[in-house]
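**Student:** Read top to bottom, the protein sequences are chains A and B.
This note's numbering puts the first sequence at residues 60 to 231.
This note's numbering puts the second sequence at residues 16 to 468.
Some hints could be false.
[What the hints assert, rightly or not] One side of the interface only, derived from the structure: several residues of chain B facing chain A at Cβ under 10 Å: (1) Y341; (2) A343; (3) I468.
Source of the hints: derived by calculation from the structure; they are not laboratory data.
For clarity, every value in this text was computed on a predicted model and none was experimentally measured.
Glycine is no exception: its CB is placed at the ideal position from the N, C-alpha and C atoms.
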Amino acid sequence: MSSTTNYILGVYDDEDEVLHAVTAIKAQGIKIEDVFTPFPIHGLDVAVGHARTRLPIAAFMFGTLGMICALALISYTMVFDWPMIIGGKDFFALPNWIPVTFEGTVLFTAFGLVTTFCASNNLYPGNKVEPLDLRITDDKFVMAINVDKNKVSAADIKKALKDSGAIEVNTK
Amino acid sequence: MAGHSHFSPANVEEHFEFSAEGKKRIIYAFIAGLAALALGIYLLSKGEAGGHEVANAGHDAVKAGHEAAGEHLSGGAVSHQAGAEEHYDWTNRIWANVWLNAVFFTGIAVVGMFFVSLQYLTKSGWSAVMKRVPEAFPKFLYISLPILILVFFFKGDVIFHWMHHGVTEVGSENYDKIIAGKSGYLNKNFFLIRLVGFGALWIILWNMLRKKSLEEDLVGGSDLFTQMVKIGTAFIVIFGASSSIFAWDWVMSIDTHWFSTMFGWYMFASWHVTTYAVIVLAILYLKDKGLMGYVNENHLHDLGKFMFAFSIFWSYVWFEQFLLIYYANLPEETIYFLERWEGHNKIYKTSEILMVILNFLLPFLVLMTRDAKRTRIFLKIAAFLIIAGHYIDFYQMIMPGVLGKHGGYGLVEFGMVTVFASAFIYVISGELTKASLVAKNHPFLPEALHHDI
Numbered sequence: 060m061s062s063t064t065n066y067i068l069g070v071y072d073d074e075d076e077v078l079h080a081v082t083a084i085k086a087q088g089i090k091i092e093d094v095f096t097p098f099p100i101h102g103l104d105v106a107v108g109h110a111r112t113r114l115p116i117a118a119f120m121f122g123t124l125g126m127i128c129a130l131a132l133i134s135y136t137m138v139f140d141w142p143m144i145i146g147g148k149d150f151f152a153l154p155n156w157i158p159v160t161f162e163g164t165v166l167f168t169a170f171g172l173v174t175t176f177c178a179s180n181n182l183y184p185g186n187k188v189e190p191l192d193l194r195i196t197d198d199k200f201v202m203a204i205n206v207d208k209n210k211v212s213a214a215d216i217k218k219a220l221k222d223s224g225a226i227e228v229n230t231k
Numbered sequence: 016m017a018g019h020s021h022f023s024p025a026n027v028e029e030h031f032e033f034s035a036e037g038k039k040r041i042i043y044a045f046i047a048g049l050a051a052l053a054l055g056i057y058l059l060s061k062g063e064a065g066g067h068e069v070a071n072a073g074h075d076a077v078k079a080g081h082e083a084a085g086e087h088l089s090g091g092a093v094s095h096q097a098g099a100e101e102h103y104d105w106t107n108r109i110w111a112n113v114w115l116n117a118v119f120f121t122g123i124a125v126v127g128m129f130f131v132s133l134q135y136l137t138k139s140g141w142s143a144v145m146k147r148v149p150e151a152f153p154k155f156l157y158i159s160l161p162i163l164i165l166v167f168f169f170k171g172d173v174i175f176h177w178m179h180h181g182v183t184e185v186g187s188e189n190y191d192k193i194i195a196g197k198s199g200y201l202n203k204n205f206f207l208i209r210l211v212g213f214g215a216l217w218i219i220l221w222n223m224l225r226k227k228s229l230e231e232d233l234v235g236g237s238d239l240f241t242q243m244v245k246i247g248t249a250f251i252v253i254f255g256a257s258s259s260i261f262a263w264d265w266v267m268s269i270d271t272h273w274f275s276t277m278f279g280w281y282m283f284a285s286w287h288v289t290t291y292a293v294i295v296l297a298i299l300y301l302k303d304k305g306l307m308g309y310v311n312e313n314h315l316h317d318l319g320k321f322m323f324a325f326s327i328f329w330s331y332v333w334f335e336q337f338l339l340i341y342y343a344n345l346p347e348e349t350i351y352f353l354e355r356w357e358g359h360n361k362i363y364k365t366s367e368i369l370m371v372i373l374n375f376l377l378p379f380l381v382l383m384t385r386d387a388k389r390t391r392i393f394l395k396i397a398a399f400l401i402i403a404g405h406y407i408d409f410y411q412m413i414m415p416g417v418l419g420k421h422g423g424y425g426l427v428e429f430g431m432v433t434v435f436a437s438a439f440i441y442v443i444s445g446e447l448t449k450a451s452l453v454a455k456n457h458p459f460l461p462e463a464l465h466h467d468i
């Protein structure tokens, strides 16, 4: 996170509390940037109002690309570049190619998705990520609110966080 | 969402009422099916058979060519179609249809039990809200199993090549060395023992499970749950063996010379995904009636995932069976696909292609997105496609071997499936009324009510 960003962090110590707090904070017209938790909480992403991930669309596209590449490779090598008869079948023996096509589809989807996921989360070798609060990897739940993106004043945000059950309110 | 359900277990009991109007509608469908069937049989006896034998005219040359190819492929020892041709009688088509439908609906009925058993064995929570629906399905075994037994007993020689007169007698003009070699397994008595024995076990275990399940509504507690886990486990073990054995017996042995080691899986996959489609349709019907409000889009999503996954599973098994045979190219194996692809004046080719589109391509595309699996109309479309597709799948497994070039899609087929389907719906609806639609004392019910994916 860049140092110019102005965050207010509400720290909670119970997953039910943080889930209810999200609804309460949003009801006051405060925009929540993100909520960090040590483990997944059912319904939290919907409550925060995150847009649905577009990874499945990427998966479909990578899969289609893999299918096309596998078919292109095998038809180029087996039909055009060096035609080969295997098992007395036609050069263009589609049933023979289904396993290769399947593998190509899966391979492209898997590698493509891992790469996309890491890239979209800034996960790459050498990148040092500084957590907003180290305790989100242990037993605390942290709600991050970006002050600059909110019309509500910082003092009101802090008060709202306190009222919703935060055990600490920090700034970063 | 977690913790936001307004559901109170106190008012949970909910009963489906099989109204007089509903009964009347199904009985009308049954009568319409019977009428179509009767008309079809009448036309069949006149030799017209509802206009299906379109492919006949003008294809004699192709046919002759094909038969020559077929004989060449099958070699001297394997005169595959000879038996069917000699014994053909126009009534065969009726018995073939009875057999096809009885096998198809037996599958849906018994996989209902399999599904419930699996949920108990794996101690699954999410399905507790809807397990009463598949739990009612095996009731139809009381109708379909006796039909299978009777048809086998009286008309078995129409369906099965290995039951033809004299095929296992040395010196008979029908003597067939390959079939004689299989007669230790494929003989009338042993077949009946398997059919009656496993069929009885299915029904007994279902009755035990059903009784405990209904008792649970009254007394509660977890003792009955533990007992049902045991019954379910026993059933899975028995079903693992019997589903394969019945796949060989009821369907694979029609093409007696041919065999595939994947056939048990293949037929089970077909039964299995069809049953998911029927479960989805039954639940959506009940939801449209305003019942089962506690089955939300999360549960439907899971059922949609099952339909999606097992459509692909079926495609995988079907295609692997085809691919291995295609690769190896052994005449005695390829004859099975040759028959369906270009045999018998190509009357089975269209349905073979249609089947792959209906069972793989369309469910794959329709059910791919998350939203589709959570939207009723997409689930309904996919379920109908899957049921139709797998009916054609069973048609393709059974008809070419039994009827050969005399098969087709006509009023007999249409009437018979309507009769069976309406009987199935009638019986299952009757069984559904006998218990609350939700197992209100199921130990995992709270978990199921808060299911969130």
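**Student:** None of the hints should be skipped; say for each whether it holds.
**Tutor:** Results of checking the hints against the structure:
no.	hint	verdict
1	Y341	holds, 5 Å
2	A343	holds, 8 Å
3	I468	holds, 9 Å
Violated hints for the displayed structure: none, as all numbered hints are satisfied.
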